[in-house]
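Student: Read top to bottom, the protein sequences are chains A and B.
Take the first sequence: its position 119, counting from 1, is numbered 119 in my numbering, and each next residue is one higher.
With the second sequence counted from 1, adding 1000 to any position gets you my numbering.
Derived by calculation from the structure, the hints in this document are not laboratory data.
Subject to a maximum C-alpha distance of 25 Å in a straight line, what follows is the list of computed SDA-like cross-link-like pairs (lysine to any residue):
| hint | chain 1 | residue 1 | chain 2 | residue 2 |
| --- | --- | --- | --- | --- |
| 1 | A | Lys51 | B | Val1141 |
| 2 | B | Lys1212 | B | Arg1226 |
| 3 | A | Lys51 | B | Tyr1148 |
| 4 | A | Lys51 | B | Thr1149 |
| 5 | A | Lys51 | B | Val1143 |
| 6 | B | Lys1212 | B | Asn1227 |
| 7 | A | Lys51 | B | Val1146 |
| 8 | A | Lys51 | B | Gly1252 |
| 9 | A | Lys51 | B | Gly1155 |
Sample of chain B residues with no beta-carbon within 12 Å of chain A, all distances over it, derived:
| hint | residue |
| --- | --- |
| 10 | Pro1042 |
| 11 | Glu1059 |
| 12 | Pro1060 |
| 13 | Tyr1065 |
| 14 | Leu1229 |
| 15 | Val1233 |
| 16 | Pro1257 |
| 17 | Leu1296 |
Heads up, the beta-carbon is just placed ideally off N, CA and C, and yes, glycines get one too.
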Amino acid sequence: MLARDAWLELRGRAVFWFSAAVLVVALAMAAFPGLFTRLGPNEACDLSLSKHGPDDGALFGYDLQGCDYWSQVVHGTRASIVVGVAVTVFALLISIVLGLIGGYYGGLADAVISRVTDVFFGIPFVLGATVVLVAFPDHGIWAMTLVLVLLGWTTMTRIMRGQVIAVKEMDFVAAARMLGASDRRLMFRHILPNSIAPVIVVAMLNVGNVIAGEATLDYLGVGLQYPDVSWGLQLNIAQTFFADHPHLLVFPALFLTATVLSFLMLGDVVRDALDPRLR
Amino acid sequence: MRYAAQRLAQAVPVFFATTFLIYAMVFALPGDPILALAGDKPVPEQVLDVMRARYHLDEPLLVQYGLYMLGVFRGDLGETFTGQPVSELLQDRWAVTAQLAVTAWVFELVVGVGLGVLAGLRRGGIADTAVLAGTTFVIAVPVFVVGYTAQIVLGLNLGLFPTAGTEEGWPGSYLLPGMVLGSFGLAYVARLTRTSLVENLRADYIRTATAKGLTRRRVVGLHALRNSLIPVVTYLGVDFGNLMAGAVVTEGIFNLPGIGQQVFQSIQLQEGPVVVGVVTLLVMIFILANLAVDLLYGVLDPRIRRARA
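Kindly generate the complete structure, drawing on both the sequences and the hints.
Tutor: Laid out in structure tokens, this is it:
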């Protein structure tokens, strides 16, 4: 019922359709960059065209290496989308498991989980990630994902735990228990579906935040490295030249912002749709 | 009082666990810092042993950490591998980062709450729509992009602010970096204030207060706002630690010689003692800020105090 109501509400929101459209394009660029550009990453670069602005031949101009900037920016989509989605999915799984165990059983398990969550919550994001990434210089996209999951599962876990504690006291859970349902059945069939909505909303917002975080690490020079192609790396290079060559900054920033913004707006409208109190 | 003691008892093990985790992460880094110090020259085994003993690098990790923590509580953050005390290295830099963080924090508090109230009082109005759209946008643009754009447009092209460095001192040199650093938090504060105020304005006690004949100003200012600010206070408390730690990026853009820049260089040079020193202090600030918020929470909302005690 809730999902149906939420869909009816979402269907009429322009913001929903706008952000969904942007995300479909971004996902398509990440999965099939060949649809948008004929060139591969770092392909057909000509140093004599280095930093040339947009003109007839190249819609977005050229980057520092003289590569066509449009195709470089298109290829940069994959890193952001993969990291953003993968980190959020893993963090969501961790938070569902830990939140269910801690919230449902309480007692010692809950105390341990809560304190471990506090410990990881206290590590400053940029500094913590930098320490780990510098220790392993040859990291690729999956090492980045691991680091971001390690530093990013705490908020969702706290929300999930709070939800489980609230839902497990409800009458329908007591009724199911009296009918003889096992702990596992109670947790997965009754409590989980009724407590997950706010966590899903935070997860959507989280995809945007993770993408911004990944770009920040690239920008600081501790994230992905050449020959990987990502928006964060492009912005890193742009910082030195953008006063005279603003196109180097504008295009990756535009793509990055549009993607992050779409995830955030999607999260926002879904929350509004799921939470009738705010209607 | 019991509530306060309970919270404190929880914070202490968290502090030690977090700092140990950081310590382990930093000192488990591959590579021998003592060998790195010597460069390409061969070093006699005795010299290596003396140096390792001096920095307790030959002890088990837990013992190293224990010795380090004993030092920290005596105000000694250890020495860098070139013999300079870490506390001396950080002395001047702390002031820069603290000024930056406070500027950003005040900006978040004043402008954020102001915008939130403006939007929340007239839900669905022009101000509300503008604040919602503006804050979503600010949250979505990465802080380094905001930083550059502000530096070039407001600093270089319009000449409103100094572009880099700290020559003008506080507040001149810190205004623009502070606004950039605080922009993300500001957007959150504004949205939190708005949502919370909207919810509270519908509550029964507000209807009662209005029915009693109180003025709108008193209903909003005294009753609604006080309750609405509880989540905002939480956020602002947690965010102070984030601002100190998040200053890395802003300090880099505006070339402010704060701890963020220092620690970033130190990580890349594998100067473990500096990294651990800074992060330990940051974690301390973070946990203390959280604790302060929890206690303040109890003061603001008696229900929380009674429920947990």
